[in-house]
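For the record, the sequence lines run as chains A and B.
In terms of my numbering, the first sequence is residues 1 to 123.
In terms of my numbering, the second sequence is residues 1 to 358.
Where hints are given, some of them may not hold.
A few chain A residues that don't get close to chain B, going by computed Cβ distances all over 10 Å [to be verified]:
hint, residue
1, V26
2, E35
3, K59
4, S61
5, R87
6, P109
Below, in silico cross-link-like pairs of lysine-lysine (DSS-like), each with a Cα-Cα straight-line distance of 25 Å or less [what the hints assert, rightly or not]:
hint, chain 1, residue 1, chain 2, residue 2
7, B, K194, B, K245
8, B, K311, B, K46
9, A, K46, A, K112
10, B, K31, B, K273
11, B, K46, B, K312
12, B, K133, A, K112
13, B, K46, B, K31
14, B, K194, B, K184
15, A, K19, B, K194
16, B, K184, B, K245
17, B, K184, B, K31
18, B, K197, B, K273
19, A, K112, B, K184
20, B, K245, B, K133
21, A, K46, B, K245
22, B, K245, A, K112
23, A, K59, B, K46
24, B, K284, B, K311
Derived from the structure by calculation, the hints contain no laboratory data.
Think of the CB as a built atom: it goes at the ideal place given N, C-alpha and C, for glycine as much as any other residue.
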Amino acid sequence: MRAETITPDQLVGACARMKAEGFRFVTMTCTAMDENSFELLYHFDKNLELSTLRLTTSKDSPVHSITAVYFAAFLVENEIQDLFGLRFPGLALDYNRTLYLDEEIRDAPFCKNAAAEKNTAAE
Amino acid sequence: MPVSTIPFGPQHPVLPEPIHLKLTVEDEVIKEVVPALGYVHRGLEKLAGTRDFHQMVQIVERVCGICSMMHAMCYCECVEAMMGIETPPRARYLRLIWSELNRLHSHLLWLGLFADSFGFESLFMQFWKIREKVMDLQEATAGNRVIVSVNVIGGLRRDLSPEQQQTILNILDRVEDEMRLLEKPLLGDYTVMKRTKGKGIVSAARALELGCVGPTLRGSGVAQDMRQLGYEAYGDLAFEPRVEKDGDCYSRLKVRYREVFQSIDLIRQAMEKIPAGEIAAVVKGRPEGEGLARVEQPRGEVFYYVKADGKKYLERIRIRTPTFANVPVLLAMLPGMCLSDVPVIVLSIDPCISCTER
Numbered sequence: 001m002r003a004e005t006i007t008p009d010q011l012v013g014a015c016a017r018m019k020a021e022g023f024r025f026v027t028m029t030c031t032a033m034d035e036n037s038f039e040l041l042y043h044f045d046k047n048l049e050l051s052t053l054r055l056t057t058s059k060d061s062p063v064h065s066i067t068a069v070y071f072a073a074f075l076v077e078n079e080i081q082d083l084f085g086l087r088f089p090g091l092a093l094d095y096n097r098t099l100y101l102d103e104e105i106r107d108a109p110f111c112k113n114a115a116a117e118k119n120t121a122a123e
Numbered sequence: 001m002p003v004s005t006i007p008f009g010p011q012h013p014v015l016p017e018p019i020h021l022k023l024t025v026e027d028e029v030i031k032e033v034v035p036a037l038g039y040v041h042r043g044l045e046k047l048a049g050t051r052d053f054h055q056m057v058q059i060v061e062r063v064c065g066i067c068s069m070m071h072a073m074c075y076c077e078c079v080e081a082m083m084g085i086e087t088p089p090r091a092r093y094l095r096l097i098w099s100e101l102n103r104l105h106s107h108l109l110w111l112g113l114f115a116d117s118f119g120f121e122s123l124f125m126q127f128w129k130i131r132e133k134v135m136d137l138q139e140a141t142a143g144n145r146v147i148v149s150v151n152v153i154g155g156l157r158r159d160l161s162p163e164q165q166q167t168i169l170n171i172l173d174r175v176e177d178e179m180r181l182l183e184k185p186l187l188g189d190y191t192v193m194k195r196t197k198g199k200g201i202v203s204a205a206r207a208l209e210l211g212c213v214g215p216t217l218r219g220s221g222v223a224q225d226m227r228q229l230g231y232e233a234y235g236d237l238a239f240e241p242r243v244e245k246d247g248d249c250y251s252r253l254k255v256r257y258r259e260v261f262q263s264i265d266l267i268r269q270a271m272e273k274i275p276a277g278e279i280a281a282v283v284k285g286r287p288e289g290e291g292l293a294r295v296e297q298p299r300g301e302v303f304y305y306v307k308a309d310g311k312k313y314l315e316r317i318r319i320r321t322p323t324f325a326n327v328p329v330l331l332a333m334l335p336g337m338c339l340s341d342v343p344v345i346v347l348s349i350d351p352c353i354s355c356t357e358r
């Protein structure tokens, strides 16, 4: 799988370039690399060809939302906020980690140190 | 005029599954829409950490019942590409046939539900009566009416005998005849047109900008269908996406109605060309690296991403379902519409909450 590696600072500009070139936003993928670092993939389509942007980030370094460029990203950014605990400043429609989770839940269930994983390990 | 907030769902007569729309209305005109999800989210992707990559086939089949076969096929394609497995030619045709049976019964389900959304109960029952024939075919060929569990990494676990193939063709002849009889009451009926034409319009440019997929995108005039990628045996068959240009509920209805005949045609083409031979390749080792795969489900493009490091469990599986991509367009379709049009417009994207809340 080919992917262009970018820095978080380049993200919004790179997405604006993709949009200007006529790419459709497909989705984002977040993967927890370890307890603190995460990989974000941004997938786009044009004429049935997929293009992917790749960046790495940490919990303490929020990645700017791309919803100002691709509004459709609001759902998946909210999903990643819920499941991985990352934050996306500038998110057009921010559910504040309540898209899937109840307000009182603070754990991020897809993180490496999530309670669910601890339970599995204990089994 | 005072502004009110009205909840639509999560329990609503036209919604078989729970999704909530917070509607801001002025008089009876929609001004703003905010969707709410999460009533039945299952976190199935997380199971990649506790089930090996063969067992994940059964997990992804349960993302959604209606398009279960295509979830498994897309996941298998992704893993097969990562492992360099070439599936036998016969398996590629069999996957196509079961995929199109999935699409047929999904579209027939939707056509019935859509008719129900504007109160055309007899039409709803007619479509579901036809759908039963396809469900019976799935049961007869795969052992299950809904979860068609035929895929394995490397190919398929079931074959179709010549007798079963002939039965499929015979039944599909009847399905086609009965569907033709319903064209006039569906597409030529005054009330149906009144309830669907000019409702929930989205232009081609707006649909692309909002990331729409499937019949929702093709109903706005964009000729994009993942079957054009030629995965499985689609590359061997004559295929053109069904497209309508008006971008309203009626256009999306016509796309799905026409795609029923297209699925029948594709199955007939596949039956003519299907080669003899093995139905599964030998699988050795474990996947390593990253893989992407896309398949055209009844509701549009499904996207699978798999990451693995050669160990027992996958590092990550990511599933972007078509309804997840089509929810944002509701925020553009609904404003300016009358409150009474909301059920019809919401149904017009064929929302599958089971997929969305994977």
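Tested hints:
Listed as a non-interface residue, V26/A fails to keep its Cβ farther than 10 Å from every Cβ of chain B; the least gap is roughly 6 Å. For E35/A, the non-interface assignment is confirmed: its Cβ lies about 15 Å from the closest Cβ of chain B, beyond the 10 Å cut-off. For K59/A, the non-interface assignment is confirmed: its Cβ lies about 17 Å from the closest Cβ of chain B, beyond the 10 Å cut-off. A cut-off of 10 Å between C-beta atoms confirms that S61/A is not in contact with chain B; the least separation is 20 Å.
The claim that R87/A is not at the interface with chain B holds, since no C-beta of that chain comes within 10 Å of its own (minimum 18 Å). Here P109/A does not stay apart from chain B, with its beta-carbon only about 6 Å from theirs, under the 10 Å limit. A distance of roughly 18 Å separates the Cα atoms of K194/B and K245/B; the hinted pair therefore holds under the 25 Å criterion. About 16 Å separates the Cα atoms of K311/B and K46/B, which keeps this hinted pair within 25 Å; it holds.
Note on K46/A and K112/A: the hinted pairing is violated, with a Cα-Cα distance of about 34 Å set against a maximum of 25 Å. Between K31/B and K273/B the alpha-carbon distance is near 53 Å, which puts this suggested pair outside the 25 Å criterion. Straight-line distance between C-alpha atoms of K46/B and K312/B comes to about 15 Å, which keeps the hinted pair within the 25 Å bound. A C-alpha spacing of about 47 Å is found between K133/B and K112/A, which places the hinted pair above 25 Å, so the restraint is violated.
A threshold of 25 Å between alpha carbons decides the hint, and for K46/B with K31/B the separation of about 37 Å lies outside it, so the pair is violated. Restraint check: the Cα-Cα separation between K194/B and K184/B comes to about 15 Å, which is no more than 25 Å; the hinted pair holds. Between K19/A and K194/B the CA atoms are separated by roughly 36 Å; this puts the pair beyond 25 Å, and the hint is violated. About 20 Å separates the Cα atoms of K184/B and K245/B, which keeps this hinted pair within 25 Å; it holds.
Restraint check for K184/B and K31/B: the C-alpha separation of about 35 Å exceeds 25 Å, so the hint is violated. As the CA atoms of K197/B and K273/B are separated by approximately 40 Å, the hinted pair breaks the 25 Å bound. Distance hint between K112/A and K184/B is unfulfilled; the C-alpha atoms sit about 56 Å from each other, more than 25 Å. Between K245/B and K133/B the alpha-carbon distance is near 31 Å, which puts this suggested pair outside the 25 Å criterion.
A hinted pair counts as satisfied when its Cα atoms are at most 25 Å apart, and K46/A with K245/B qualifies at roughly 20 Å. With a C-alpha separation of about 47 Å, the suggested pair K245/B and K112/A falls outside the 25 Å cut-off, and the hint is violated. For the hint linking K59/A to K46/B, the alpha-carbon distance of about 19 Å falls within 25 Å, and the restraint holds. Proposed proximity of K284/B and K311/B is supported: the alpha carbons are some 13 Å apart, at most 25 Å.
Comparing the model with each numbered hint stated earlier shows that hints 1, 6, 9, 10, 12, 13, 15, 17, 18, 19, 20, 22 do not hold.
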